[in-house]
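Visitor: The listed protein sequences correspond, in order, to chains R and U. All residue numbers for the first sequence refer to my numbering, where the first residue is 1 and numbers rise by one. All residue numbers for the second sequence refer to my numbering, where the first residue is 1 and numbers rise by one.
Don't read these hints as lab results, they were simulated from the structure. Some hints could be false.
[Stated by the list, open to error] Quick list of in silico lysine to any residue cross-link-like pairs, SDA-like style, CA-CA up to 25 Å:
hint : chain 1 : residue 1 : chain 2 : residue 2
1    : R       : K275      : U       : L261
2    : R       : K305      : R       : V260
3    : R       : K29       : R       : M172
4    : R       : K275      : U       : G249
5    : U       : K253      : R       : K305
6    : U       : K275      : U       : L238
7    : U       : K175      : U       : L150
8    : R       : K239      : U       : E242
[What the hints assert, rightly or not] Which bits of chain R does chain U cover? Going by a derived footprint, with three or more residues having C-beta under 8 Å, they are:
hint : region
9    : 88-99
10   : 260-268
[Claimed, not checked] Simulated DEER-style distance windows between Cβ atoms:
hint : chain 1 : residue 1 : chain 2 : residue 2 : range
11   : R       : N176      : U       : A193      : 27 to 37 Å
12   : U       : E206      : R       : E189      : 18 to 28 Å
13   : U       : G267      : R       : E18       : 39 to 49 Å
14   : R       : S221      : U       : K203      : 32 to 42 Å
15   : U       : E188      : R       : E197      : 27 to 37 Å
16   : U       : K254      : R       : E197      : 39 to 49 Å
17   : R       : D321      : U       : D14       : 35 to 45 Å
18   : R       : E189      : U       : T318      : 33 to 43 Å
19   : R       : S271      : U       : E61       : 37 to 47 Å
For every residue, glycine included, the Cβ atom is placed at its ideal position computed from N, Cα and C.
There are 2 protein chains.
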Amino acid sequence: MADFIVALDCMGGDNAPEEPVKGAIDALKKDKELRVILVGDEATLRNLVQDPGEDITSRIEYLHTTEVIETAEPPVKAISRKKDSSLVQAMKLVKDEKADAFVSAGNSGAILVGGQVIIGRMPGVKRAPLAPLIPTEKGFSLLIDCGANLDSKPENLVQFALMGSIYMEHVMGKKNPTVAIVNVGAEEEKGNALVKETFPLLKAEERINFIGSIEARDIPSGYADVIVCDAFVGNVILKLYEGVAKTIGHVLKKAFKSNVLSMLGAGLSISAIKKELKSFDTKEYGGAPMLGLNGMVVKTHGSAKAIEFKTSILQCRTFRDQRLNEIIRDNI
Amino acid sequence: MADFIVALDCMGGDNAPEEPVKGAIDALKKDKELRVILVGDEATLRNLVQDPGEDITSRIEYLHTTEVIETAEPPVKAISRKKDSSLVQAMKLVKDEKADAFVSAGNSGAILVGGQVIIGRMPGVKRAPLAPLIPTEKGFSLLIDCGANLDSKPENLVQFALMGSIYMEHVMGKKNPTVAIVNVGAEEEKGNALVKETFPLLKAEERINFIGSIEARDIPSGYADVIVCDAFVGNVILKLYEGVAKTIGHVLKKAFKSNVLSMLGAGLSISAIKKELKSFDTKEYGGAPMLGLNGMVVKTHGSAKAIEFKTSILQCRTFRDQRLNEIIRDNI
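Looking at chain R on its own, in the form it has when it is part of the complex:
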């Protein structure tokens, strides 16, 4: 199989450019058929790469850019004005077929806009969803959509379900993944207008393993592999997951610190707790793919470290090896 080239936006995210560069080197060590184009301030990037050995450096290229899109910038403006930003230039490499995949921890909105306007959607794909994996008691589920597709239509949600299923089956290796739609009750007649219209369409879609509605309380238990919803709801789910976990962490910390006995108890239990909570950590699963584009786009968490960049880069290889985009194209 031919070399596989990832365009890495090295200037995006809280830990840029150090962590993306480290992650790229780690990925290159792991995968000998991989090439990476580091996009950003070339002098800085070269300095960070240092000397990992000829085998690695021979598979690194640089694309020098002079601008950076900040996390809080309005996406549409940023994309149209900062033509020489690492994000825009790295996306152009995919558009121009100089790279197979794009990875970034940068401004989510800009990635979502850029994915659609620079790289473009596949023919037939109405909206390109962003689909992060969320941790569950059984492992992980794909939450689709958490992107910029607010006020989705039923036909969009059906495409999300289909693309999400293909992703879970072919990239994450879940055979015949279950698909459920986020709803306020288990019964078919429940739901807002969007869900009521979408439900029968999903039921009729033979290419997915649709199991009906999922109430939000059943998401963390891992009731469904692919969780379909409008991006507004997806955003609420994703961020509340984060918020509740963080708050419970604070509460536990307070409890452990409250007296000498509980501090001692904490000392004895902490490694077991950390180990269990680690299974609740998505780092190992890579970033969130943006599906249905003419190229591969992966958004990693804004606070991603080298391990997440590495996993995201390697994940793109799996997309290609599994012919993800071809399968999506054939099914949409």
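Got chain R sorted already, so can you dock chain U onto it with the hints?
Guide: Below, chain U alone, put in the same frame as chain R:
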């Protein structure tokens, strides 16, 4: 002040009829101006009351009913067919002004439907929201709406914000409570169509202390006192809160049981953990009020125990003493 009469649906919820009856007796012990009408199978209820003393029994009445609305029954059908259910008959007591307030742990949908069709909305109130309190690091916030008002309109959300503010200020004692709308980002231009239309209306509403958008990740920290959203989103938030907390509980339990040291650690820390988590428990705050009706309606959790029934009953007193409905009526 005249006696205050609560109609208690004793047949609703997982722990009916024992826990509602116990809760009623506890409330009657606490509040000497309170009267309760126990609605349900009279023989069973009389048997449960036993002999708490003349002071209590003199303030208990019974309304015998022969039907029970089950938790999973379709609400509209249940309300129209089961005319002699405890839920319908208890609501009728409020409608007919034989009771001041209605409390139930029964079928949420039936309570929401019954509230609107039996008791009825105040003039000017377009939709009557259900507003549970959710625990936060700072105490609690009011999540409005979690009811049956799917596909709300901007004007509905503005009424929710107003009623929620009044409730938090006058019943829960938060001076000048902050109000925020659930959104996918902090900026004013973000959001789906509903949020974009509602945002300027909330901003222009001088009777509330509107602080802008709230992202779901900031809900558990207690960023806003009143959290406004469409009921679909409210349901997702409420149930995910529950789901994530439960799953983290499972994970911790697994960690504590994983080896001898961590079990020992758990033994030492457990009382401190329980104490801290208790502050994360809404039992003491009572049930969720359904606001904007011609009477008081409180929905307690389906798994409510005596303490929650007691708190919910006493909470209705606060509504009355604080003239909640008069204030809402004057402001809508």
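Visitor: Take the C-beta atom of E188 of chain U and the C-beta atom of E197 of chain R, compute their distance, and say whether it sits inside 27 to 37 Å.
Guide: Holds, since E188 of chain U and E197 of chain R (Cβ atoms, about 30 Å apart) stay within the stated range.
Visitor: Next pair to validate is K305 of chain R with V260 of chain R; report whether the Cα-Cα distance is within 25 Å.
Guide: Answer violated: K305 of chain R to V260 of chain R is near 35 Å, above 25 Å.
Visitor: For a C-alpha distance cap of 25 Å, please report whether K29 of chain R and M172 of chain R respect it.
Guide: Holds, because 22 Å separates the two Cα atoms, which is no more than 25 Å.
Visitor: Check whether the Cα positions of K275 of chain R and G249 of chain U lie no farther apart than 25 Å.
Guide: Since the Cα atoms of K275 of chain R and G249 of chain U sit roughly 15 Å apart, the hinted pair holds (cutoff 25 Å).
Visitor: Just to be careful, I want the Cα atoms of K175 of chain U and L150 of chain U compared with a cutoff of 25 Å; is the pair within it?
Guide: violated (30 Å)
Visitor: Within a Cα-Cα threshold of 25 Å, do K275 of chain R and L261 of chain U meet the stated pairing?
Guide: Holds: K275 of chain R and L261 of chain U sit about 14 Å apart, inside 25 Å.
Visitor: Between the beta carbons of N176 of chain R and A193 of chain U, is the distance compatible with 27 to 37 Å?
Guide: holds (36 Å)
Visitor: E189 of chain R and T318 of chain U, beta-carbon distance inside 33 to 43 Å?
Guide: The hint (33 to 43 Å, Cβ to Cβ) holds, given that E189 of chain R and T318 of chain U are roughly 37 Å apart.
Visitor: When you take the CB atoms of S221 of chain R and K203 of chain U, is the distance between them in 32 to 42 Å?
Guide: Cβ of S221 of chain R to Cβ of K203 of chain U: about 39 Å, so the range 32 to 42 Å holds.
Visitor: Can the restraint linking K253 of chain U and K305 of chain R be considered satisfied, given a maximum Cα separation of 25 Å?
Guide: violated (29 Å)
Visitor: Does the beta carbon distance between K254 of chain U and E197 of chain R stay inside 39 to 49 Å, or does it fall outside?
Guide: For K254 of chain U and E197 of chain R the Cβ distance comes to about 40 Å; the hint holds.
Visitor: Mind checking the alpha carbons of K239 of chain R and E242 of chain U for me, to see if they're no more than 25 Å apart?
Guide: With Cα atoms ~15 Å apart, K239 of chain R and E242 of chain U stay inside 25 Å; holds.
When the structure is compared with the earlier hints, violations turn up for hints 2, 5, 7, 9, 12, 17, 19 and for no others.
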